[in-house]
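Starting from the given sequences, assemble the full structure and let the hints guide the process.
Chain by chain, the residues run as shown.
Number of protein chains: 2
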Amino acid sequence: MAAKPHFSGIIAPVLTPFGEDGAPDPDRFIDHAEWLMANGCTALAPFGTTSEANSLGLDERMELLEDLIDAGLDPTLMMPGTGACSITDAAILTQHAVDVGCGGVLMLPPFYYKNPSEEGLFRFYADVIDEVGDDRLKVYLYHIPPVAQVGIPLPLIGRLRKEFPNIVVGLKDSSGDWSNMKAILDAYPGFELFPGAELYLLDGLRAGAVGTISATANISAAAMRKIYDNWQGPDADRMQADVSAMRKTIQSYPMMPLLKAVIAHYRGDPGWAELRPPFTAMPEADAKAAIQTLADLHGFKLEFGAEA
Amino acid sequence: MAAKPHFSGIIAPVLTPFGEDGAPDPDRFIDHAEWLMANGCTALAPFGTTSEANSLGLDERMELLEDLIDAGLDPTLMMPGTGACSITDAAILTQHAVDVGCGGVLMLPPFYYKNPSEEGLFRFYADVIDEVGDDRLKVYLYHIPPVAQVGIPLPLIGRLRKEFPNIVVGLKDSSGDWSNMKAILDAYPGFELFPGAELYLLDGLRAGAVGTISATANISAAAMRKIYDNWQGPDADRMQADVSAMRKTIQSYPMMPLLKAVIAHYRGDPGWAELRPPFTAMPEADAKAAIQTLADLHGFKLEFGAEA
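First to last, the sequence lines map onto chains B and S.
Those letters in the first sequence? Residues 1 to 308, per our numbering, in order.
Those letters in the second sequence? Residues 1 to 308, per our numbering, in order.
Hints are computed from structural coordinates only; laboratory data are not their basis.
Don't take every hint at face value.
Same chains, same label: a pair holds when it works inside one copy or across any pair of copies.
As the list claims (entries may be wrong) - In the DSS-like style, the derived pairs of lysine-lysine whose C-alpha atoms are separated by at most 27 Å in a straight line are:
| hint | residue 1 | residue 2 |
| --- | --- | --- |
| 1 | Lys182 | Lys4 |
| 2 | Lys248 | Lys114 |
| 3 | Lys182 | Lys288 |
Note that this is a predicted model, so its numbers are computed, not measured.
Right, dumping it as structure tokens:
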């Protein structure tokens with residue numbers, strides 16, 4: 001029988017709101033994290049791709065993580081992104097996450113230099129893990145070739161699991177390639193695989209995945225959670241079809257600008273829609289039309305009245 | 001008549017040597033920088049792509065820059081790389097470079113999120129420049145689509161020059177695409193263009209470029225300097241042909257591992273050959289064969305006896 005996974009369920013890469021001065025806004029950030037945990041999420045992955053993490057400075061990332069914990073959110077249910085192009089900075093972020101009690105970290109490969117060798121990637125991860133040197137560390141590899149360009153090849157997972165069996169425990173697969181997810185599940189039973197989009201949630205669960213870490217969980221974790229809680233039930237396929245249909249509508253728009261526009265709209269807080277360069281907010285009319293489309297096609301709306 | 005450029009000539013993106021502990025080695029770094037300035041370079045670009053800058057931490061980059069200056073190297077002849085994915089970190093590095101007196105900075109666009117809009121890139125650079133808020137700042141844009149994937153589109157140069165005429169003064173073009181370099185030279189007279197490889201040195205100078213910033217200047221700046229100093233002379237084409245032939249041999253090997261192996265060999269200092277993950281050093285036999293090929297085909301060797 002498989003051991004209980006360290007993380008499972010519906011995890012949101014928490015959006016990072018900004019204030020009028022362009023700095024991250026900790027109050028909005030905490031509110032959003034609390035709302036996510038009260039509305040479908042089983043855990044949080046702050047500082048993912050969707051969080052604009054790579055548009056944040058090192059210090060900003062560490063301060064925001066402490067803000068969440070100081071506000072009372074449970075760090076054991078957090079898997080912050082701690083990847084960086086350099087071993088040095090990745091180790092600083094990872095050490096910090098372990099020090100503040102995070103249950104895991106989601107770690108990009110070094111993504112500036114392209115076509116690294118498998119040996120080079122292995123040494124990168126091994127050096128970060130050795131530098132942190134802490135058995136509490138649980139690493140989730142982050143495979144997102146459409147953005148990072150540098151991916152996590154299948155054999156690398158095996159090498160890292162063999163070398164660090166109690167540390168390298170899972171992977172987020174944002175390749176959008178089901179055959180890659182299936183190959184990982186087949187090759188490494190017990191490895192905690194999270195498809196990077198809810199499109200693969202039900203198929204993933206049936207094949208041994210443990211949940212999903214998905215951008216859209218920022219606005220629709222509740223619907224995903226119903227699938228996760230009832231995946232062996234009679235309605236699972238119908239629920240998945242609905243969730244997939246909405247995902248497809250959402251991803252026909254620029255993802256992060258739309259998610260922020262949706263929250264800004266339903267919170268009645270226009271400042272929420274801001275992004276940091278190189279991203280720009282959706283033009284207001286486009287956002288309005290997209291929000292209307294989501295409501296018309298999928299009956300989608302959000303309620304923020306009854307916060308936890 | 002055109003104003004004197006802020007930088008010109010042969011500029012090396014200074015290789016970063018590491019010690020046995022994997023940390024950058026300031027002594028080897030300073031020695032190499034001094035040797036470069038005594039052997040053909042007109043200026044230095046520490047923390048470029050070839051410097052493994054993106055494999056260094058923020059603090060390491062700032063400390064190494066101070067090491068060079070403390071050793072007596074002239075900061076006005078330095079154009080350190082200060083790009084980062086976030087405005088926050090790019091501003092920290094850029095502010096530091098200005099504070100220690102650097103003559104310019106070489107700034108990558110934010111390179112994690114792909115296909116940014118021109119507006120988003122404009123705001124990124126504008127925000128970094130505004131954050132630093134110092135008229136001494138001279139920015140060289142860094143166009144290297146083969147690595148960063150995110151490039152500097154031609155119209156963006158025009159917008160930034162218009163908004164910051166005394167700050168955004170030049171560009172390093174590592175596209176390997178002469179038609180792009182020519183388009184920049186034609187569109188923006190007086191803009192300080194550096195082809196990112198000496199293959200384009202003579203053609204560049206004839207078309208208005210001001211020199212080259214090239215990886216291989218770490219081992220062969222002297223030959224490039226002869227072209228730069230005599231580009232209107234009768235031997236220029238012959239010298240360029242020789243330099244181009246050697247460049248083509250060099251780039252048939254993994255660039256940074258080879259450059260470090262060459263220096264390790266001629267300095268009799270094997271530790272020089274180390275790179276940081278995700279890069280790995282060339283196997284010793286491969287390095288030996290490559291160094292022999294360079295000697296046989298191009299009469300190439302280095303002398304470190306008579307340092308300045």
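(message) Hints numbered earlier in the text: which of these fail when held up against the supplied structure?
(response) 3
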